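J.: First to last, the protein sequences are chains H and C. Convert by adding 2 to the 1-based position in the first sequence; the result is the number in my numbering. Convert by adding 2 to the 1-based position in the second sequence; the result is the number in my numbering.
Hints are computed from structural coordinates only; laboratory data are not their basis. Do not take every clue at face value.
Which residues of chain C face chain H? A partial, calculated answer using Cβ under 7 angstroms [said to hold, decoys possible]:
#  : residue
1  : 35
2  : 54
3  : 203
4  : 204
5  : 213
6  : 214
7  : 220
8  : 224
9  : 227
10 : 228
11 : 305
12 : 310
13 : 311
14 : 319
15 : 325
16 : 343
As the structure is a prediction and not an experimental result, all values here were calculated from the model. Positions of the beta carbon are idealized from the N, C-alpha and C atoms, including for glycine.
There are 2 protein chains.
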Amino acid sequence: VSAASPPIGAFREEAGALCVLDQRALPDEERWLSFAPGPPALDGVCLCIETLAVRGAPAIGGIAAKGLAWLARGTTTTTAAAFVAEQRAASARLLATRPTAVNLQAALDAVGAALAAAPSQEVDGLVAVVADAAAAVCAEDAAACAVIGGHGAVLLNDGDVVMTICHTGAIATCGQGTALGVVHSARAQQKRVSVFALETRPLLQGARLTAWECLKSGIPVTLLTDSMAAFALARHRVALAVVGADRIAKNGDTANKIGTYQLALACHHHQVPFYVAAPRTTFDAGCETGAQIPIEERHPDEVRRPRGQRGFAPADVPVWNPAFDVTPASLITGFITDVGILSASALSAALQRQDGAGRGLEQRRG
Amino acid sequence: VSAASPPIGAFREEAGALCVLDQRALPDEERWLSFAPGPPALDGVCLCIETLAVRGAPAIGGIAAKGLAWLARGTTTTTAAAFVAEQRAASARLLATRPTAVNLQAALDAVGAALAAAPSQEVDGLVAVVADAAAAVCAEDAAACAVIGGHGAVLLNDGDVVMTICHTGAIATCGQGTALGVVHSARAQQKRVSVFALETRPLLQGARLTAWECLKSGIPVTLLTDSMAAFALARHRVALAVVGADRIAKNGDTANKIGTYQLALACHHHQVPFYVAAPRTTFDAGCETGAQIPIEERHPDEVRRPRGQRGFAPADVPVWNPAFDVTPASLITGFITDVGILSASALSAALQRQDGAGRGLEQRRG
Numbered sequence: 003v004s005a006a007s008p009p010i011g012a013f014r015e016e017a018g019a020l021c022v023l024d025q026r027a028l029p030d031e032e033r034w035l036s037f038a039p040g041p042p043a044l045d046g047v048c049l050c051i052e053t054l055a056v057r058g059a060p061a062i063g064g065i066a067a068k069g070l071a072w073l074a075r076g077t078t079t080t081t082a083a084a085f086v087a088e089q090r091a092a093s094a095r096l097l098a099t100r101p102t103a104v105n106l107q108a109a110l111d112a113v114g115a116a117l118a119a120a121p122s123q124e125v126d127g128l129v130a131v132v133a134d135a136a137a138a139v140c141a142e143d144a145a146a147c148a149v150i151g152g153h154g155a156v157l158l159n160d161g162d163v164v165m166t167i168c169h170t171g172a173i174a175t176c177g178q179g180t181a182l183g184v185v186h187s188a189r190a191q192q193k194r195v196s197v198f199a200l201e202t203r204p205l206l207q208g209a210r211l212t213a214w215e216c217l218k219s220g221i222p223v224t225l226l227t228d229s230m231a232a233f234a235l236a237r238h239r240v241a242l243a244v245v246g247a248d249r250i251a252k253n254g255d256t257a258n259k260i261g262t263y264q265l266a267l268a269c270h271h272h273q274v275p276f277y278v279a280a281p282r283t284t285f286d287a288g289c290e291t292g293a294q295i296p297i298e299e300r301h302p303d304e305v306r307r308p309r310g311q312r313g314f315a316p317a318d319v320p321v322w323n324p325a326f327d328v329t330p331a332s333l334i335t336g337f338i339t340d341v342g343i344l345s346a347s348a349l350s351a352a353l354q355r356q357d358g359a360g361r362g363l364e365q366r367r368g
Numbered sequence: 003v004s005a006a007s008p009p010i011g012a013f014r015e016e017a018g019a020l021c022v023l024d025q026r027a028l029p030d031e032e033r034w035l036s037f038a039p040g041p042p043a044l045d046g047v048c049l050c051i052e053t054l055a056v057r058g059a060p061a062i063g064g065i066a067a068k069g070l071a072w073l074a075r076g077t078t079t080t081t082a083a084a085f086v087a088e089q090r091a092a093s094a095r096l097l098a099t100r101p102t103a104v105n106l107q108a109a110l111d112a113v114g115a116a117l118a119a120a121p122s123q124e125v126d127g128l129v130a131v132v133a134d135a136a137a138a139v140c141a142e143d144a145a146a147c148a149v150i151g152g153h154g155a156v157l158l159n160d161g162d163v164v165m166t167i168c169h170t171g172a173i174a175t176c177g178q179g180t181a182l183g184v185v186h187s188a189r190a191q192q193k194r195v196s197v198f199a200l201e202t203r204p205l206l207q208g209a210r211l212t213a214w215e216c217l218k219s220g221i222p223v224t225l226l227t228d229s230m231a232a233f234a235l236a237r238h239r240v241a242l243a244v245v246g247a248d249r250i251a252k253n254g255d256t257a258n259k260i261g262t263y264q265l266a267l268a269c270h271h272h273q274v275p276f277y278v279a280a281p282r283t284t285f286d287a288g289c290e291t292g293a294q295i296p297i298e299e300r301h302p303d304e305v306r307r308p309r310g311q312r313g314f315a316p317a318d319v320p321v322w323n324p325a326f327d328v329t330p331a332s333l334i335t336g337f338i339t340d341v342g343i344l345s346a347s348a349l350s351a352a353l354q355r356q357d358g359a360g361r362g363l364e365q366r367r368g
């Protein structure tokens with residue numbers, strides 16, 4: 003497995019402070035927010051998640067775990083019971099910052115489980131347990147990204163152009179990213195791969211974050227509006243498209259950022275391979291097909307007033323604003339996962355086993 | 003033929019002034035610019051075309067003709083020769099405002115031809131000739147819009163939802179518009195038709211102008227980002243899509259606003275009829291296929307800095323910004339024209355005749 007060292011990340015730890023990259027200020031400004039150990043770190047992390055200063059489900063899970071660790075590092079509790087109570091309250095508060103993020107729940111559960119299983123009854127020992135558990139959450143996500151990138155890079159040749167939507171890179175995860183991580187891995191293998199980034203209306207994660215991360219990482223990038231994808235496939239040589247996923251049903255139907263389905267249709271028409279890159283945590287064995295995936299509809303002003311600006315649309319025009327769409331498995335060439343590249347049918351078979359016996363994809367690891 | 007009375011227009015004439023709706027200020031403000039007869043009207047019209055205060059090829063042709071008429075109305079020339087010289091100079095100036103607009107050239111030629119054929123050698127008589135010729139340019143465009151709308155309205159039933167891209171309504175023409183004119187006509191027939199308007203990045207004509215015109219005209223409208231078109235077709239019942247055209251090749255391949263091709267692909271996949279609404283002037287018998295249509299690529303800042311705003315993308319990110327794309331005839335259900343609804347093959351046959359003998363579509367009029 004080869005993985006690029008990501009030159010950037012959603013957060014970093016300095017000697018005395020937990021630092022979070024404020025993604026709201028990108029791409030105009032690279033602003034870092036710094037929080038001291040103890041309550042300031044917890045308050046800061048909660049606010050960062052709530053206000054979308056940090057976004058991307060894996061990155062949210064990682065920073066939440068780090069929030070617990072930095073709260074522990076500055077704790078003033080003197081008994082194990084008080085320490086555990088402080089951690090539990092903090093965990094509940096962090097969980098409430100974004101109600102639907104699966105990774106957030108999983109990260110907090112992992113730290114809580116480590117604490118519950120800890121033999122130490124000294125506060126110092128418990129602080130170390132929490133720190134280690136938080137580090138493990140981040141390391142596991144980074145490792146999954148590296149494995150996904152390694153598998154995906156096999157699909158790319160020197161000189162290839164890759165099309166993608168939304169942002170799935172380093173600052174959305176604790177590692178080098180998922181779909182964009184495939185490009186990072188290919189570049190680390192000295193393949194001169196470049197990116198066609200769709201801007202990703204309404205929230206412009208492609209224009210603001212993917213374009214920024216590519217420029218920052220030395221990856222040649224060309225920005226397109228979402229409406230240009232099909233014509234770009236007609237007029238340019240694009241090797242493949244690779245996108246992330248928010249949730250993958252048992253039959254391979256994939257929920258991802260709005261616009262993904264349209265891109266998949268355009269790729270299908272032009273016979274350009276269309277891949278989904280995602281870790282196992284994205285697969286939902288309890289969901290039969292895409293029809294069962296609930297689609298969040300968000301506020302009309304995301305469409306009417308991009309970046310809070312006026313002058314883009316009538317202030318009161320009705321809007322349909324689904325945050326995600328569902329791409330049917332039939333349009334997906336393959337799934338680039340941390341257990342290899344799977345076809346939709348291989349994925350279904352693995353998830354069938356997982357659903358039946360609690361095994362399947364989980365068992366195939368390593 | 004039934005046509006709605008458009009409640010709005012790109013320009014209007016008052017007792018002492020030629021008034022132009024400043025489309026740059028839409029949708030936030032309905033600002034009218036007024037110009038007195040004589041040189042102020044000519045200067046004003048030139049500036050309005052150059053700065054895109056008025057846009058839409060038929061509207062540009064109409065306002066240019068009116069600019070000549072209002073210059074004539076305030077002329078201080080006293081001989082026929084001086085009057086004609088003034089008109090010729092004005093016509094040359096108007097032609098230079100937008101170098102590639104076919105309608106602009108045609109409108110100026112029509113007024114010039116009327117003046118050249120005029121028997122009167124009195125200035126007063128020539129002023130009337132120019133006024134009549136300019137009025138005819140506008141009336142012919144309005145009539146073509148009404149006929150297109152009448153033909154297209156046949157395709158729509160009460161309760162239908164129509165999807166469209168860009169702006170093709172009243173303020174883009176001298177009448178009720180082309181593609182959006184079909185909706186105006188259906189509404190005038192008491193069919194409760196509503197519109198799904200794609201915002202049309204990068205210049206947002208759908209969000210700014212189509213949404214505004216629909217609200218202004220009492221047409222129920224829902225605004226979508228361009229990336230939502232395919233998912234909307236999957237989740238909503240859309241009767242048909244209808245779009246305008248910038249240029250139609252002999253085989254039916256159609257150049258129109260970027261995003262049109264992607265919408266046509268999505269309609270094809272969902273078996274939703276996809277129509278192009280355009281007057282005969284849009285058909286180019288000298289162009290065999292879409293491959294021969296040159297595609298204008300515009301400034302990266304249209305993508306990077308929508309409405310002149312910062313914070314949407316890195317300031318220096320490379321951009322591909324084609325203003326138009328080409329939809330192959332195979333994806334187009336039919337052409338709604340001022341000579342009826344034609345299939346691509348019927349269109350090709352008519353254009354073949356026109357190309358060979360200067361007849362064809364032109365002969366079928368009336």
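J.: A separate judgement is required for each hint: does it hold in the structure or not?
T.: Evaluation of the provided hints:
1. 35: violated (18 angstroms)
2. 54: At 14 angstroms from the nearest chain H Cβ, residue 54 of chain C fails the 7 angstroms test, so the hint is violated.
3. 203: Holds - the Cβ of residue 203 of chain C comes within 7 angstroms of chain H, reaching about 4 angstroms at its closest.
4. 204: This hint holds: residue 204 of chain C lies near chain H, its Cβ roughly 5 angstroms from the closest one there, short of 7 angstroms.
5. 213: holds (4 angstroms)
6. 214: This interface hint holds because 5 angstroms falls under the 7 angstroms limit.
7. 220: violated (13 angstroms)
8. 224: This hint holds: residue 224 of chain C lies near chain H, its Cβ roughly 5 angstroms from the closest one there, short of 7 angstroms.
9. 227: holds (4 angstroms)
10. 228: holds (4 angstroms)
11. 305: holds (6 angstroms)
12. 310: violated (9 angstroms)
13. 311: With a minimum Cβ separation of about 5 angstroms from chain H (threshold 7 angstroms), the hint on residue 311 of chain C holds.
14. 319: holds (4 angstroms)
15. 325: violated (10 angstroms)
16. 343: Where the cut-off is 7 angstroms and the nearest Cβ of chain H is about 25 angstroms from residue 343 of chain C, the hint is violated.
Hint compliance for this structure: hints 1, 2, 7, 12, 15 and 16 are not met, and every other hint is.
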